[in-house]
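Chemist: So you can see what is in the structure, the chains are spelled out below.
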Amino acid sequence: MPAGQTREIKRRIRSVKNIGKVTRAMEAVSASKMRRAQDATMRSRAYAAKAAEVMAHLRAQNASAQGIHPLLQAHPAGKPGVLLITPDRGLTGGLVLNVIRHAMRATEASIGDDLRWVALGKKGRDFLTRTRSELIGEFTQMPDNPSVLDISPITRLLLDGFQGDDFSSVHVVFADFVTVAKQVPTLTQLLPIAIDESVTVSRSPFEFEPSPEAVLDEVLPRLLELRIYQALLEAQASEHSARMMAMSNATSAAKDLVEDLTLTYNKARQSDITAEILDIAGGAEALRSAS
Amino acid sequence: MPMTLDVVTIERQVLHAEDVDVVVAPGTEGLLGILPNHAPIVTGLAEGVLEIVRGSEREIFAIGGGFMEVRHSHVIVMADAAEHAEEVDLERAQEARQRAEQALAGSTEKVEREEALAALRRAQTRIKVGQKRRSSGSARVG
Chain A
2 MPAGQTREIK
12 RRIRSVKNIG
22 KVTRAMEAVS
32 ASKMRRAQDA
42 TMRSRAYAAK
52 AAEVMAHLRA
62 QNASAQGIHP
72 LLQAHPAGKP
82 GVLLITPDRG
92 LTGGLVLNVI
102 RHAMRATEAS
112 IGDDLRWVAL
122 GKKGRDFLTR
132 TRSELIGEFT
142 QMPDNPSVLD
152 ISPITRLLLD
162 GFQGDDFSSV
172 HVVFADFVTV
182 AKQVPTLTQL
192 LPIAIDESVT
202 VSRSPFEFEP
212 SPEAVLDEVL
222 PRLLELRIYQ
232 ALLEAQASEH
242 SARMMAMSNA
252 TSAAKDLVED
262 LTLTYNKARQ
272 SDITAEILDI
282 AGGAEALRSA
292 S
Chain B
31 MPMTLDVVTI
41 ERQVLHAEDV
51 DVVVAPGTEG
61 LLGILPNHAP
71 IVTGLAEGVL
81 EIVRGSEREI
91 FAIGGGFMEV
101 RHSHVIVMAD
111 AAEHAEEVDL
121 ERAQEARQRA
131 EQALAGSTEK
141 VEREEALAAL
151 RRAQTRIKVG
161 QKRRSSGSAR
171 VG
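Chains A and B are the protein sequences, given in the same order. Heads up: the first sequence begins at 2 in this note's numbering, then just goes up one per residue. Heads up: the second sequence begins at 31 in this note's numbering, then just goes up one per residue.
Looking at chain A on its own, in the form it has when it is part of the complex:
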């Protein structure tokens, strides 16, 4: 075996090792980002719980009285709107594909196929552009650890569209973070706002200032904002965990490859040595018989 081949194998071992280092670093980065997104989800739970209680009091208050708030009822004008939350970047295994496929199937099954889309994330935006879907808004480069201010333009777009004639209802598709290894694409309704009926209070003793309607006006948009924020955090936790898994697989694949290549390298090296020894022995033999 020529000496050039062992050098070539050695070079490949080095480059695969380097790739393994990069993927291991990316795995660690994704792991910490995932944890931060999960922590943020936990922190928003306090608000969610309190908001549900306030809503329960409001419901008890005007169970039968007055008209229903516009954000709580469907209206026929416009088309259903869907907010599609995807990552900006790849290296997330099958996550993007799963979310988009679910978005198409689930919306078709439950709300029809004549939709207006809002994309949050480049992957979804690119897909919707490619399929010439009706895309009326796109938001990309959402920071990690987003603040509520970061999503308020989205909330405003959806709210204005629903109060105007763009959207008859608004839904969101995102990857719900279940475990590190499991992200479930989910379709849920944002508008009209569905109220969690499981939180109940017997009778509301509360005074509402200035009026229950005015308080409802304040509470409902924030409930919407909260739900968008939580969906985004779930999507981010899913993205980072999917990337972490993908990078972990890549790291172990790199390790396997290095092992294989090392074996091949050693075989090549040994056969080089054997060939050399045979050469020398043959030469010595030739010299002896010549003399």
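Quick caveat, the hints were computed from the structure, so don't treat them as lab data. Even glycine gets a Cβ: it sits at the ideal position worked out from N, Cα and C. Check the hints yourself; a few may be wrong.
Said to hold, decoys possible - A few chain B residues facing chain A, derived, Cβ under 10 Å:
#1 Thr39
#2 Ile40
#3 Glu41
#4 Gln43
#5 Leu61
#6 Leu62
#7 Ala69
#8 Pro70
#9 Gly74
#10 Glu77
#11 Arg101
#12 Ser103
With chain A held as given, fit chain B onto it using these hints.
Modeler: Just chain B now, with coordinates in the frame of chain A:
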């Protein structure tokens, strides 16, 4: 008998305290002082300063609107943004005010102006709260 106070935003729980004697909140209908055993009430909150008294200590928060629920001795402030006076970065707040003023001067569109105005109000509240911290130090409430 002191009250329990929770200050929460969508992003985090800002405060949980069980020894609060007085809460003064910027209600949409005007300043609202809450003492223990206040009648149950839910009200909207405006952008402004939230003051609380705990024993001999007075604490100040900048809050950015939201709403508040009062049960007999439990007050829940659900704010769009809330910052303890100690957390306010005066320099950054002043920079934010300048940016907002420039944006306001440079914009003609209604939505843009509204946003700039809101940002300006936020910055002003934070500056006010930050300065109160500086001037009052360990202020007492009589």
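Chemist: Against this structure, judge whether each hint is valid.
Modeler: Each hint, compared with the structure:
At its closest, the beta carbon of Thr39(B) sits 6 Å from a beta carbon of chain A; the interface hint therefore holds under the 10 Å criterion. The interface hint given for Ile40(B) is met, as the beta carbon of that residue sits about 5 Å from the closest beta carbon of chain A, less than 10 Å. Hint status for Glu41(B): holds, given a least beta-carbon distance of 6 Å to chain A, under 10 Å. With a least beta-carbon distance of about 5 Å to chain A, the hint placing Gln43(B) at the interface is held under the 10 Å criterion.
Look at Leu61(B): its Cβ only gets to about 13 Å from chain A, farther than 10 Å, so that hint breaks. Because the smallest distance between the Cβ of Leu62(B) and any Cβ of chain A comes to about 8 Å, under 10 Å, the interface hint for this residue holds. Interface hint status for Ala69(B): upheld, as the beta-carbon distance to the closest one in chain A is roughly 6 Å, under 10 Å. The beta carbon of Pro70(B) is positioned within 10 Å of a beta carbon in chain A (closest approach about 5 Å), and the interface hint is therefore held.
Taking 10 Å as the C-beta cut-off, the interface hint given for Gly74(B) holds, the closest approach to chain A being about 5 Å. The beta carbon of Glu77(B) comes no nearer than 13 Å to any beta carbon in chain A, farther than 10 Å, and the hint placing it at the interface is violated. Of the supplied interface hints, the one on Arg101(B) holds, with its beta-carbon coming within about 8 Å of a beta-carbon of chain A, less than 10 Å. Against a cut-off of 10 Å between C-beta atoms, the interface hint on Ser103(B) is violated, since the closest Cβ of chain A lies about 14 Å away.
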